[in-house]
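Visitor: Listed below are the residues making up each chain.
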Amino acid sequence: MSGLRSLLPGGQRKLWHFHGGVHLPDEKTLSNGCPVAAAPLPTQLMLPLQQHIGAPARCRVSVGDKVLKGQLIAEPQGYISAPVHASSSGTVVAIESRPIPHPSGLSAPCVVIETDGEERWAELPAPLAASAAELDACDPAALRERIRASGIVGMGGASFPTNVKLNPGKDQPIDTVVINGAECEPYITCDDLLMRERAADIVDGVRVMLHLVQAKRALIGVEDNKPDAAAALNRAIADAGVDDRVEVVVIPTLYPSGGEKQLIRILTGKEVPSHGIPAQIGIVCQNVGTAAAVADAVLRGQPLIERLVTVTGRGVVEPRNYRVPIGISAEALIAASGGYRGELAKLVAGGPMMGFRLDTDLVPITKATNCLLALTPEESPDPGAPLPCIRCGRCAEVCPANLLPQQLYWHARAKELDKVQDYNLFDCIECGCCAHVCPSHIPLVQYYRFAKTESWAREQEKRAADHARERHAAREARLERQERERKAKLRKKKEAVAAGGTKPAAAGAKPAAGGAKPAVGGAKSAPAGAQSTADAKAKSEAATAATEDRADKQALIEAARRRAAEKKAMLAKAQETTAPPADQDASAQDDAAATTKRAQPREAVVADQE
Amino acid sequence: MAMTFVSSPHSARVNRVDQVMLQVCLALVPGTLALVWFFGWGVLINMALATLFAVLAEALVMKLRGRPALPAISDYSAVVTALLFALTIPPTMPWWMTMLGIVFAIVIVKQLYGGIGYNPFNPAMAGYVFLLISYPVATTSWLPPDVPALLEARELSTLSFLDSARLIFMGALPEGLTWDAVSAATPLDEMRTLLDQGQTIDEIRASSPLWGSFGGRGWEWVGNWFLLGGLYLLWRRVISWEIPVAVLGGLLAASAAFWLVDPQHFPFPGFHLFSGAAILGAFFIATDPVSACTTRRGQLIYGAAIGGTIFAIRTWGGYPDAVAFAVLLMNIAAPMIDQYSQPRVFGHRRSERKKA
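Residue numbers (our numbering), protein chains in the order written: chain A, 4 to 613; chain B, 29 to 384.
Hints in this document: simulated from the structure, not taken from any laboratory.
Hints may be right or wrong, so weigh each one.
Reference listing, derived: stretches of chain A covered by chain B, where coverage requires no fewer than 3 residues with Cβ under 8 Å from a Cβ of chain B [stated by the list, open to error]: (1) 86-100; (2) 168-181; (3) 226-236; (4) 263-277; (5) 357-363; (6) 390-398.
For the chain A half of the interface with chain B, some residues (derived, Cβ under 7 Å), not all of them [stated by the list, open to error]: (7) VAL351; (8) PRO386; (9) ALA417; (10) ALA438; (11) HIS439.
Here chain A is said to cover these stretches of chain B; the calculated rule only asks that three of the stretch's residues, wherever they fall, bring their Cβ under 8 Å from a Cβ of chain A [said to hold, decoys possible]: (12) 135-147; (13) 315-325; (14) 367-376.
Every residue, glycine too, gets a C-beta built ideally from N, C-alpha and C.
The shape of chain B in the complex, shown without the other chains (with noise of 0.2 Å):
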């Protein structure tokens, strides 16, 4: 009788890895609703595009190495990508800059670096990066949220699902309806144009029925439901609560001490977490496993570097979120995190643990 797995242990495995890419596909489905809630259908339909696609190059590169299409696809790790990366592109991106990107994330960042378990960087994120580099002007055009007080004031319009359809598949706006009357600025984007002219954040804040408790109205609660996707993660162990707590007090630490400074320069700890990706970036893009640190001080110090560059882009680089550029900076940084952050193995003295 031929075995595959003679050595011990002979017990049954209790992990799978599709069983935990499923997991993650699962645990997105609250936040998910809630940008489809505020943001209309073009979510589900770049979800569906991405996946599509995702698949597809995922099945023709297996093919073309010359291996077997079904058992990578069953992993379902191009399906995780193409959520996550067609969640963080705007609900009116053309079909075919969500197949470059996502085409790009599975072939050249995923599948030319070996696979699944072999990409330094996050797919998704190299992606969206990728869009966002080749065309910044759609991808950082966003629908305003569904909230009535906010419509009415600016005079802007949603799209019902055929209005986003057409968008998406033959870049046709409504009839009757401008560009600018369906789009707006993300509040970080609007934040940081303003404060770039001089006003301060009470001025900002007064200016304009944008503002919510925390970040812009709408925007502020989707994070909430990506939240409760993350700790769903956490409580099936799909992922460790290192990264996601480092990232999110990485992230409130810095924009606490420069807010605390500056009050009216810098927005407050609130408006940066609930804000932009930072939460959907904390739990479900920082923590894919395989390109970021392995050990348990190495994630706390991945995760801080990441919420503190988010923090720094957000406030003096050149976009207006983040989240990918974090991500991927500390992914390079990632393997030599892990070399100088070993563990003390059983035994062994402080003194002596293993430095190069």
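The following block holds chain A by itself, in its conformation from the complex (with noise of 0.2 Å):
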């Protein structure tokens, strides 16, 4: 390997390894064989709201609503969210719940849009600078918000905002930008076109985070499986004169090396803290398809409304690459691709080791969907009924986080959450390396993730119940101080008229408006004369607005109940779909209709090739 190494421009570079790993066969010539086509355009596109990591993005269009290509359709909400765009023109014709690519099958809100035909673009922002060699008299805040206003997000799978990652903060310099170009899962060849046909553009994209983070340099980590992208990113790199701070490096084709810690390893040598982030060691990883993304928004102002996508399997007549409007059906994508050929074991989004499976292919394509695999029986054929551990150690071998799987999988199978995390199961990155070698053919893969999601489960109801502690603890408190002050004025009271000697007039006389004590005390308190009246006058109007703050009051708990009942369905419904695997032993291979239950959504989880 070091031998094709140096055949490679750059390739002298040291490179580091990670603990374990497999070889699979990479079935990329299936689809990396033809040049990149243009989907036809649906009469439909759906758009989800969320696509990303963070907040949903708020719905800005009403049904009715003529939309132009790259107009606005949801704008985020908060810093953690990205806006989201109409795809092509049209007019929206529903706002409602579609099924969406995710693990779980849940539906989500997504905007329809009935497509016309016509294409007309909305008026796009204009270009930031004429060309990457212009950057540096850009703002980069304003870099930034015009990233975070195209609607980019990680198009390698996370699709974490990509302007918050270009932000690391003024006490996180950053000294090494790494791209991945690894693309390590069989049959993706999407990253691969990309670097073949737009690799200017990349390296465009990649001056431009160089610019926002201000680091040193650019590494574009392409695995030696694809010698045409590499060949063709250091044509690009030459062509713009940035050779000095952008490099590609050739790796070793080794799954996972596209996960963003294996990547960042194997390029600097450096480690990911557990549960920490790259800027920490001062990295910032983007994918190509994001670096190319970026390009289009700073320097022709287009925003995210489309991508490729790998449409692969030998369950398709004709597997290729797509440019894709988001948005765009599953099924108009596989239609574009000759339709099924014979039998379907699953039709899956992403790839085989980390993809998850499609229950209908009416599901829109998004920003993160990077591949639409159609795998026959012979491709991914039923493991079967699953044997008991036999402590083989091979998932430990190819661990590429150097955990323990076995270990985990028997602390998951007793649910012993306390075990699984005392051995580092949240630094599990659900490659699926572990399952993909077991003899016994255990789904190691999704005990972790029931055992993770049980344990986040199990954080939220102890924050559930410790903030009901304290409320009540401070209800308690609160009812305490009102009985005291109560007793306080009594005791006041009494010594007054003790003072006085005259029995107070109007004891009987409470104003209706009431509830105020206050001012039940004050009127009650008050001598005769004027004096009083004028005081009684201005404590009954201190009363009623006691009376309308309750009101609010009264209103928001009202509201609060109604969003405690509903997050208490939704979590219920959650609960549902992460029905715990099916008891593996020998004796429970009657428990598969359980096993076909889905694992939850895994957003704290490092996607591949983010």
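Each chain sits in its own coordinate frame; assemble them with the hints.
Guide: Written out as structure tokens, the structure reads:
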């Protein structure tokens, strides 16, 4: 391999290793033979309001609205969020829940656009620079704002808002930008094709990123099974004259080299701390697709409304790569590839190692969808009922996080959530190497997802219980205080009465507005005369105000209750979707039905190639 | 469509338990042939008997446990246990002892703990030790190796297939032969007996045609063939190198240390390596994944401790060979070794490694 490396420009760089990994048949030639084709414009586009990590975007259009291509249809809410743009012109026909490509198989709010086929563009913002060479004059804040406004999120799969990642903060100086062109998952070739066909745009995007984080260098990691892509990038770097700052590093093909932490390790020798982010070690990692999208936004004012998707697997007639408008349905894309062929074992969004099975092809392609994989039973045979673990330890041999998957399995199976965390469950990146090599065919990753979800749920419950306890304590304290105050007042009044020697005149005449004790007390103890009338008036006004205040509070409490009920319902639903994997004992083969239940969404999991 | 495996990965699995077990069976072929060459047909008869009883016992227990028997039998783990067990007992063992040993191994040691994957002890070795303690004479009476010079010198005879079968099934020796004429102590046994009598190594080696370049003649060549099978397992990645290397390393280091100090009373390391079940144990027995350590560092500790224990028991213990005892003793320690030998997880500092 070192021989190969030395043949390539810049190939002398020292590479590091990560533990484990597996060599997989890469299956890339199925789809990387022909150039990218534009997908036919579908009649309908489904645009989920949440295609990113963070808060969902807020919809800015209504049913019946005409929208133009590139027009903002949903704006970000909060810092960690991203807008959504119309990927073609047409009419909004529905804003409703639709099935989305998500491991949970749940539906989520989508804006549905009936396309008019005219592809009329909205007025796009002016480019911030005429070319990448003029970037130095650009204000980083403006660049970040443009990236945010263009809806760019990590396109390798994790879909974290890119502008946030490119704003590591002053206390975290960035030394290196790592660009992920490894594409280590078998079958997927969209990054390969992107690097071959748009190398110059990727390099432009990398220059924007370098400028934004003020890093000295960018390393583009490309696995050695994509020599054309590496060569194209090298040409683009030479053309742009940035050889001193941007370098293509060809790395050995080994799954999961394209995992963020693994790629950083290979290229720089540094390890991202557990539970940490790359910025802590002076690194920002971005996918090649994200780099190209950044170039589009900054140099052309074009928002993220299309991406490359690999449609592949032996279950489709013509596997190839497509440039697709975001929101096109998987069904339309499969149809463009000639439809399904023969018997289908499953349709997967993403690669065979980390992708998730789609229940239906009526889901939209989102910003994060890099591959539609139609697998035949030969490619993805049913592994059969799992056998007992024979503790062979192959899982530990291949684990890129150097975990002990076997111990994690035993404890996850026993629902010993403390134990799984002792064994660092949350360092698991769910790459699937362990399950891939397991001779007993135990669905290990499923166990880990289950244990993670259970841990989160328990954490949440604990937080909720703590919160309830605090609230209860606060309420007790408040009641006690009020009681104390009431008694003090009573005592005062008695003292006043004893001192004055007169009985209160209107003990029974409590103001109707009542409830506001200070007012009542005041009126009761007020001496006769004009002075007291004015006093009483002021106080009854205060009482009214207090009542209004109370009504407001009541409304707030109502709202909070409603929210709590909704949350509860959602939690219950989520629980349903996270049934534990069936007991995999030899006796439990009939539990197959239970295993078909899905693992929970994995928000916090580092997805491949982000 | 009901699918049992909806979670990723969706790739075709590359390993299977039954294939792993069959590879082990295959790897045993050269060593077995060598044993048959030197010790006759009894070896094969024992293997057949043990396999038969192991499979029957496994099926019976699965039935009693109310579970399907076929999947348990077809993972071939009982076959591997039976073959390893049969290789450790003498080729003259009465059939019912073989049966008792293997049934003990499968029913008590393996299935009562929950079957494959759950047994804390190596079933084959536990079965062997069961026989060794219950029937010490029968378990330690070996045939002499079929080396003509040796047979002539000691006036010993070999057994034909029919002789072996008659001996195993009916306990009958061929006509005109006494037990002394067909059996011989193993080199390990002879060495320790003579050492105990105060002889020096040089005297022992000069006294008899039994001794070869390393261990006993005939015996010393069996290990090589098991080594060949062990290398095959390494190549097919059925086992990893840590345990065999550590076992042999531990044995060599311990024996070398004493031999260097006193070469007249401690046999040289090569003797230990090529005598008894050292190589078979290192590659086929200590590597039983279920009862061994699972962490990489743990496997090195586990293996080295087995090697050291083999030497200690051979030298100072009450039994001539020690692989079975050493493996069983370290089986006890394996969970604790695993606990304290966890690897550094990616992104963690070494100091924060989990200790308990």
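Visitor: Should the interface hint for VAL351(A) be scored as holding, given a Cβ-Cβ cut-off of 7 Å against chain B?
Guide: holds (6 Å)
Visitor: Can PRO386(A) be said to touch chain B, with a Cβ gap under 7 Å?
Guide: Because about 5 Å separates PRO386(A) from the closest Cβ in chain B, which is inside the 7 Å limit, the hint holds.
Visitor: Using Cβ atoms only, decide whether ALA417(A) comes closer than 7 Å to chain B, and label the hint accordingly.
Guide: Violated: closest Cβ of chain B sits about 13 Å from ALA417(A), beyond 7 Å.
Visitor: Go check the segment 367-376 of chain B versus chain A for me, would you? Three or more residues, Cβ under 8 Å, otherwise it fails.
Guide: Our answer is that it holds, as 7 residues pass the Cβ test (under 8 Å) against chain A, meeting three.
Visitor: Verify the interface restraint on ALA438(A): the C-beta must sit less than 7 Å from at least one C-beta of chain B.
Guide: OK, holds: ALA438(A) within 7 Å of chain B, min 6 Å.
Visitor: Count the residues of the segment 168-181 of chain A whose CB lies closer than 8 Å to any CB of chain B, then report whether that count reaches three.
Guide: That given contact is violated, which follows from only 0 residues of the segment 168-181 of chain A lying within Cβ reach (below 8 Å) of chain B.
Visitor: Please check whether the segment 263-277 of chain A has three or more residues whose CB lies within less than 8 Å of a CB on chain B.
Guide: Since 6 is at least three, the answer is holds.
Visitor: Quick check: the segment 226-236 of chain A, covered by chain B? Criterion 3+ residues, Cβ under 8 Å.
Guide: Check failed, 0 qualifying residues.
Visitor: Report holds or violated for chain B covering the segment 86-100 of chain A, Cβ cut-off 8 Å, minimum 3 residues.
Guide: With 0 residues closer than 8 Å to chain B, the segment 86-100 of chain A misses the three-residue bar; violated.
Visitor: For the segment 390-398 of chain A, do at least 3 residues have a Cβ located nearer than 8 Å to some Cβ of chain B?
Guide: holds (count 8)
Visitor: How does the segment 357-363 of chain A fare against chain B when you require at least three residues with a CB closer than 8 Å, holds or violated?
Guide: holds (count 4)
Visitor: Given HIS439(A) as an interface hint, is the shortest Cβ-Cβ distance to chain B below 7 Å?
Guide: holds (5 Å)
Checked against the numbered hints given earlier, the structure breaks hints 1, 2, 3, 9 and satisfies all the rest.
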